[in-house]
Amino acid sequence: MSRVPESEGQLIKMAEIGVLQSPGKLRTLLGSCVGVALFDKRLKLIGLAHVVMPCSTGPTTSHGKYADTAIPEMIRRMNAMASGSKLSLTAKIAGGANMFSYATPNSTATIGEQNILAVEQSLAKEQIPVLGRHLGGNFGRRMVVDAETGTAQIHIVGQSPVLF
Amino acid sequence: MNTDLTEQTDQLSPYLHRGFHEASMALSKWLDRRLVVVLEQVQLLRLESAIETLGPADEIQCACCMRFTGGFTGQLALAFDDTSGWELCDILFHREHPSTEWGELEISALLETTNILGCSLLNSFSLASPPAGSIGPMLASGVDATWMPTSPPVFVRDFAASIMESILVNQGSTMESVILAKTKWEVESRTTHLQLLLLPDGTNLVGAARVAN
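Keeping their order, the protein sequence lines are chains F and E. Quick note: the first sequence uses our numbering, first residue 1, plus one each step. Quick note: the second sequence uses our numbering, first residue 1001, plus one each step.
Some chain F residues well away from chain E (every beta-carbon gap over 12 Å; in silico): (1) Arg77; (2) Gly84; (3) Ala124; (4) Phe164.
Footprint (simulated), chain E over chain F, 3 or more residues, beta carbon under 8 Å: (5) 11-19; (6) 26-39.
Selected chain E positions facing chain F (in silico; Cβ < 8 Å): (7) Glu1048; (8) Ile1060; (9) Ser1151; (10) Val1154; (11) Arg1157; (12) Val1169; (13) Asn1170.
Calculated directly from the structure, the hints in this document are not laboratory data. The C-beta atom is built at its ideal place from N, Cα and C for all residues, glycine as well.
Model the full structure from these sequences, guided by the hints.
Okay, here's the thing in structure tokens:
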């Protein structure tokens, strides 16, 4: 059994969005989903979304679930927290794995690959540069982001943590 | 897509009870011990709620997962923590000294266990299926369905949330809710921490509902 200390941050669950001003951390657990972290260095403001699927098919109340709704919603919440200051955002993304080989019976893109593509497109649309990526593979990830530094830490079972 | 699957969930339960009874007998033979897999609950959960089925998000869990096809398609996942998985291996190999790590032999034994369990369950569904074309329970879905695995089981050892998330996203990518059949395991009257999850694909259930209606 592995208990995660409070210092590892507030857990952002599937399809959720979290926003936090320093001090503090946010974390999420990823498989085929993609974790999108947005950071404003000057305001020490961080946002983390757990994106489950590439795109919404209509109006949704679950904004964090889809790449095309999660990123605009996260920016909206970060703007609200910035109290009028102009945001200057950068992004770090992780996840998009294919944990089960049977998930792709043919040559079509996996859900993970579709999620990655949709997140990249959504960030490009918002003109947010991606400073770090930890994507793909066939393993899960714990992504922890620090509001003080904007650092993202990736934990993979059986491996040493990676900073990016 | 938001669809009321309550009726389908209710229809599924009796077939699962019978299926798990058959599976228990097959596994008892395989393990040479009395083993009972009991259907505890058939739940209709929102995708976001189902994520905690295997326990706290950061805990490390193992799972043997396989896909199947038949009256409906879906996934079967045998989930367990390290200790419970090793206990099952010790029973299988009649080991005096408890296993403490995952080697090829241990993983292979658990994959075979999942295979036996899964095939036994699917055989039971085949016997229970009404003739093709009849407006029967969702097990038939209006086509002459052959129940069988579509992939060999796959072993993963990872964060509980990562495993569950990947299973759910593969299973219900167009759905807002999922049906989840949860079991309790007893090996010689002792409850273990093994869980068997049966997750029918949501889109198939909607199709089955249309046929039934």
